[in-house]
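K.L.:
Here are the chains, one letter per residue:
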Amino acid sequence: MFEVGVKIAVSLTQISIVMGVVLLTVMFLTLAERKVIGWMQDRMGPMEVGPYGILQPIADGLKLFFKEDIIPSGANKYLFTLAPIIALVAALVGFAVIPFGPNMRVDVFGVQVQPFVISDINIGILYILAFTSIGAYGIILGGWASNSKYSLLGGLRAAAQLISYELNVGLAIVGVLLLAGSLSLVKITEDQCCWIWNWFWLAVPRGGGVPIPQILAFVVFVISAVAETNRLPFDLPEAESELVAGFFTEYSGMRFAFFFLAEYANMILVSCIAAALFLGGWNAPAPFLQFHGSLEHLAWLSGIMWFAVKVYFFLFLFFWIRATLPRLRYDQLMRFGWKVMLPIALGNIVVTAIAAYFFPR
Amino acid sequence: MVPVFFSYFSLVSILAGVLTVALPNPVHCGLALLTLLLHVAGLFLLLNAEFLFVIQIIVYAGAIVVLYLFVLMLLNLKTDERVLHHRYAVILVAAAAICGGLLLMALRSPFQGAKGHAPVEAVLQDGGSYAIGITIFNEYLLQFEIVGVFLLGAIIGAIVLAKTPTAVDVEPE
Chain A
356 MFEVGVKIAV SLTQISIVMG VVLLTVMFLT LAERKVIGWM QDRMGPMEVG PYGILQPIAD
416 GLKLFFKEDI IPSGANKYLF TLAPIIALVA ALVGFAVIPF GPNMRVDVFG VQVQPFVISD
476 INIGILYILA FTSIGAYGII LGGWASNSKY SLLGGLRAAA QLISYELNVG LAIVGVLLLA
536 GSLSLVKITE DQCCWIWNWF WLAVPRGGGV PIPQILAFVV FVISAVAETN RLPFDLPEAE
596 SELVAGFFTE YSGMRFAFFF LAEYANMILV SCIAAALFLG GWNAPAPFLQ FHGSLEHLAW
656 LSGIMWFAVK VYFFLFLFFW IRATLPRLRY DQLMRFGWKV MLPIALGNIV VTAIAAYFFP
716 R
Chain B
31 MVPVFFSYFS LVSILAGVLT VALPNPVHCG LALLTLLLHV AGLFLLLNAE FLFVIQIIVY
91 AGAIVVLYLF VLMLLNLKTD ERVLHHRYAV ILVAAAAICG GLLLMALRSP FQGAKGHAPV
151 EAVLQDGGSY AIGITIFNEY LLQFEIVGVF LLGAIIGAIV LAKTPTAVDV EPE
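Respectively, the protein sequence lines represent chains A and B. Take the first sequence: its letter number 354 is residue 709 in the numbering used here, and every next letter is one higher. Take the second sequence: its letter number 55 is residue 85 in the numbering used here, and every next letter is one higher.
Wrong hints could be hidden among the right ones.
[Claimed, not checked] Think about it this way: if two alpha-carbon atoms lie no more than 20 Å apart in a straight line, the pair counts; the simulated SDA-like pairs of lysine to any residue are: (1) B:Lys193 to A:Ala515; (2) B:Lys193 to A:Gln687; (3) A:Lys432 to B:Thr65; (4) A:Lys432 to B:Asn55; (5) A:Lys504 to B:Phe100; (6) A:Lys432 to B:Met31; (7) A:Lys542 to B:Ala161; (8) B:Lys193 to A:Asp686; (9) A:Lys504 to B:Gln155; (10) A:Lys694 to B:Leu133; (11) A:Lys694 to B:Met103; (12) A:Lys542 to A:Val529; (13) A:Lys504 to B:Pro56; (14) A:Lys504 to B:Met103; (15) A:Lys694 to B:Ala188; (16) A:Lys542 to B:Asp156; (17) A:Lys694 to B:Leu191; (18) A:Lys422 to A:Thr385; (19) A:Lys432 to B:Leu49; (20) A:Lys542 to B:Gly163; (21) A:Lys504 to B:Leu102; (22) A:Lys418 to A:Pro401; (23) A:Lys362 to B:Met31; (24) A:Lys362 to A:Met374; (25) A:Lys694 to A:Pro401; (26) A:Lys504 to A:Pro427; (27) A:Lys362 to B:Leu102; (28) A:Lys542 to B:Gln155; (29) A:Lys432 to B:Leu53; (30) A:Lys542 to A:Lys422; (31) A:Lys694 to B:Thr194; (32) B:Lys193 to A:Trp693; (33) B:Lys193 to A:Tyr685; (34) B:Lys193 to A:Leu688; (35) A:Lys694 to B:Ala184; (36) A:Lys422 to A:Ala612; (37) A:Lys504 to B:Leu97; (38) B:Lys193 to A:Phe691; (39) A:Lys418 to A:Met609.
No wet-lab data here; the hints were simulated from the structure. Please read these numbers as outputs of a predicted model, since none were measured by experiment.
Build the full structure now, drawing on both the sequences and the hints.
P.N.:
Encoded structure:
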């Protein structure tokens, strides 16, 4: 009984830390996005609240919190309330299996715990895919329950887009799974130990041997991930110029904030997955770039730092793409997904499978 | 813990199953179906079949029910008039027979039903996904390939049906 109590206490602590970090990052991201895009477009970005506008997220949060909560007449009240909750929960639940740091075990009151992953389950990556696909329901239901044409169209567009690009995400990671021989994110990350070329984007085997690079899968994954998070240039479900705001046109106040949080949490989640699968997760690019020698016991700290660097690189990429590319047309989006991305992902699986058969790792 | 979760998952599954056919609004029926599929996935998890759990959610909840809802929302069906088909008695008999057969099988399974080759220890040792992979690609490879060919046929059929017919150019002679 004591053991169960300790386990629950440890898990709750880990969950609150991860949730806290993720939500703080979301807060910071809303500001970072406006600032980065502002600089890229030769503007200043938010400057009014606090020095250089750094308190802007707090002002935004307060505004959303105190806004009137409107439920449109004719809307389905329960589903209208449920939709943002589904979207946010599905986005946050995926963080449970992300390894943020080295796979080590710590003894807490006689119970072995892994401090840097909330739950090391052996189907980790599939678990994330499953719950991101549940997240689609938040968007579709939000669109339908609002009883508005713009919302419905946004929701339906989102459904079609999510299904199309989810497939590409799923197929792009198969190559990595073949090389790692595991579905657990902890094992996949551990497999990419040591040097930058051991990461799965180049996938040189650790003891030397024939590399089976997954760089094509990496590119497909990143593009599909941008599409799956409904970000520009794939933000058709919420295209302002066509659909007002898409599926959350009728939402206001905290419910709107939930959708907003879910979108940014999803961005962080796919960045974490991309970092863990293709860029070595918490592994440093070279052994001498992490704490070693007399600082060996602090190696976990540099691991977490490297993981954060990779995740922030992807988050910056999201902003960069948004500031650079115009929105696709709907038929272009579908054609790109099914006729360009899908064949590349499928071809990558065939080539990787054959190569992995002849040159086993 | 397991009995608590089992009773939750099974009771909600039954309730959602009834609601799937009983609710008046088709979109609500679709959502009840989604609830049913998610809770059946939970039952798989209790059986240590974590791979089936995830595949159930990804395939059924994540793809198929989304498409159902997609169509239902687009059509915006009106179901004010609810009439039974005039030959519903025939269908009722068939449905009762199928349900009875399934119930019989379900009731028999704890006592003398079919047992798999893989003992629980083997599944627990290597994980459900490993066990399923080995079984599918060794014992049931032929069946697996046959299903693949069927699905390919279905895809080709869908493309043929969906393709807009192009006007045939009749050359003036």
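K.L.:
Failing hints, ascending?
P.N.:
Of the numbered hints, 6, 9, 10, 11, 25, 27, 30 do not hold.
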